[in-house]
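Asker: Required output: the full structure, derived from the provided sequences and hints.
In mature numbering (1 follows the signal peptide of the UniProt record, and there is no 0), the protein residues as written are -24 to -1, 1 to 180.
Calculated from the structure, these hints are not laboratory results. The model shown is predicted, which means the values in this text are computed figures rather than measured ones. Where is the CB? At the ideal position from N, CA and C, for every residue including glycine. Mixed in with the good hints, there may be bad ones.
What the hints assert, rightly or not - Estimated spans, in silico, between C-beta atoms of each pair:
#1 170 x 132: 34 to 40 Å
#2 171 x 63: 39 to 45 Å
#3 65 x 174: 26 to 32 Å
#4 38 x 63: 22 to 28 Å
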Amino acid sequence: MSRTTCRIAPTLALFSALALSACATTPGPVEVTRFVAPETASQLGQGTIFVASAEDGEDNSLALMPYKSAVAEELRSLGYVETDRASADQIATVRIERYVLTAQGRRSPVSVGVGGRTGSYGSGVGVGIGINLGGGERDKVGSELSVTIRSAASQANLWEGRADLRVPDNSELAQAQANAQTLAAALFSDFPGNNGETIEIEVP
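Answerer: Quick look at the structure:
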């Protein structure tokens, strides 16, 4: 798996989100990994698409909404037409994991699942970032946005991607809307990307 570092010019929505963080510590880069098979690349970026929550994430639909909205905006800019599930050629499934990094660099052992991600890590998007969930000193808040695009007819996966960003807990980019716009813009930059490649996109 190859890794490169690049910068992207922010969209208007992303620029607004980044402007909010001017007084906060500079965030780390967004780490983005995409998977796409050569035979499916021609099917991407066109037709109708429905943006869905992960199947087991419906209980957190309000918390996931900023991320679904940000993903939908990026998909429309790529050439997709957003529609209802019944009319969609493709389905984009969105999930988000939020977690807290301790001062020692380990993830907080707190699990509040959002958008279908399960496991021993993660803090809910709907939980206030300022609350000490881990019981100890907190250094950074991490967010991993994952999107899978599949064919509505065959259910075959056409594209998968994930974007991970870690920011200081007092950064405006730790808040849901700015966080969602930043992650989505990075995830879909130079879409569909190279299969299996991990890139680091700097946040201005």
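Asker: Now, for every hint given, state plainly whether the structure supports it.
Answerer: The hints, checked one at a time:
no.: 1; hint: 170 x 132: 34 to 40 Å; verdict: violated, 20 Å
no.: 2; hint: 171 x 63: 39 to 45 Å; verdict: violated, 29 Å
no.: 3; hint: 65 x 174: 26 to 32 Å; verdict: holds, 29 Å
no.: 4; hint: 38 x 63: 22 to 28 Å; verdict: holds, 25 Å
The structure is inconsistent with the numbered hints 1, 2, although it conforms to all the rest.
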